[in-house]
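All chains, please: the whole structure from these sequences, using the hints.
The listed protein sequences derive, respectively, from chains L and D. Once you know that position 147 of the first sequence is 147 in the working numbering, the rest is easy, because the numbers rise by one and skip nothing. Once you know that position 34 of the second sequence is 34 in the working numbering, the rest is easy, because the numbers rise by one and skip nothing.
Don't take every hint at face value.
Covered by chain L, according to a simulated footprint, are these stretches of chain D (three or more residues, beta-carbon under 8 Å) [claimed, not checked]: (1) 2-15; (2) 21-27; (3) 50-58.
Quick caveat, the hints were computed from the structure, so don't treat them as lab data. What you are looking at is a predicted structure, and each value in this text was computed from that prediction instead of being measured. All C-beta atoms, glycine included, are put in the ideal place defined by N, C-alpha and C.
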Amino acid sequence: MRDVAIVSFAQATNLRRNTERDEVGILQPVVAEAVEKSGVKRDEIGFTVSGSCDFLAGQPFSFVMALDVLGAWPPIQESHVEMDGAWALYEAYVRLQHGDIDSALVYSFGKSSPGDLLDVMVLQLDPYYTAPLWPDSVSVAALQARALLESNGHSERDLAEVAVRSRKNAKQNPKAQVAGDFDVDALLAEDYLVSPLRKHDCPPISDGAAAIVLATGDLAKRVCERPAWIRGIDHRIESHSLGARDLTTSPSTALAGEKAGVGDGPVDVAELHAPFTHQELIIRDALKLDDNVQINPSGGALAANPMMSAGLIRIGEAASQVMSGNAKRAVGHATSGPCLQQNMVCVVEGD
Amino acid sequence: MSEPVTEIRTPIKLEYVYTAGDVQSQFLRAVAKGQLTGHRCSQCDKVYVPPRGLCPTDGVATSEVVELSDKGTVTTFCVVNLPFYGQSLEIPYVCASILLDGADVPIFHLIQEMPADEVTIGMRVEAAWVDDAEMKPNLASIKHFRPISENASA
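See below:
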């Protein structure tokens, strides 16, 4: 396998509703920043791949507009996944293994604000038996939260503690949307949104974008002082049918983590893509992360949840911890689908 | 033998609020006043209309606003002879790419007030705007383009 590293990461400031810019306008400075910080020249980038979803914008082929930010002239090699940008990063990693190119640009973008996100998310469910009932995304997550709370001794207080820690960590993240000091008892005194979930258990609705530049071996060493080498990356999926799964565990995360080699060494930092508080507990268990692991120093998806980017951002944040020298070994996790249906795990290490 | 289920209905309706953003809003507000504007790229000097706030060739942000003429030149066209549901124009009619004076990329619009079979590439055309009272921030404020003769000014 060729050594591939993350050499730069950039993201937009996450906003509930960005009225000044359209999707492409949000993305342009993010891609420009990632490319500039990478030290890789635009014409050195051998492959470009993006992640986005037309259902957010409400228009077909909306990702094609985003090509305008690339300066795609002379024509470039490009690809797209209708998924979180983390899966675009996976495609770029595989593409770099071919051996004929040395760098790739990965980006993702999406505005959650144009539609009613909770309803838009219904369309990812089974179209015959589940989606016609229009269970919104918070209600679907609440089914999972209830199952978890009833199964293994976790309490609503445990969930609130995840929220408090995430919002506290987010104070150090200038791109975060929800940050600050909160009190667990005060949060627990608030009403349920969809029992057993309260507002603090749910992610904010965010408009945003993110970009990462990957480089192989010698190029990565040349352009980056501390490249975040991808030592393992794997993704796994479970049944689409919610009823066919044990929602209190995440076998796909566990298997992806095993294949990516999470347990092969100590983990300093883990950035987990858990849009709902209870999902962080499930993912931590699946990855067997102990109390020494710093979880979501960025604040995670509870601090900002730009659809299609929040997973890629987790990998970017994990890599940033390595590139800055804060961590020797970090884990980035991304999820997709209802109730953690599909999961990716990426292990990054410094030299 | 029981009857097969051949159809289920699962109606889906989603509503979206589109945000044009600052750059396109600026363009659309100018259209409502009968003005067409573009953005010039600081790197390649090309003028794009409608402006999207960036240059697709160089991938850089643009901000220099350029006022454009509502006159231009036909760069290519087609004659629509196909009837379809919801058609508001009488066939045959002409759709054209029109390079506005001062711009580097053409816009798309209709050509009317002349026989369809007499439209040619290179023909000079001008915008036929709707009445002032009907002007809105969208390109329907231009009813169509029509031929002009510039011999007098030549």
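Quick rundown of the hints versus the structure:
1. Beta-carbon proximity to chain L at under 8 Å applies to 5 residues in the stretch 2-15 of chain D; the threshold of 3 is reached and the given coverage holds.
2. Figure legend: the stretch 21-27 of chain D, annotated as covered by chain L; annotation consistent (4 residues with Cβ-Cβ distances under 8 Å, at least 3 required).
3. For the stretch 50-58 of chain D, the proposed coverage by chain L is satisfied: 7 residues have a C-beta within less than 8 Å of a C-beta in that chain, meeting the threshold of three.
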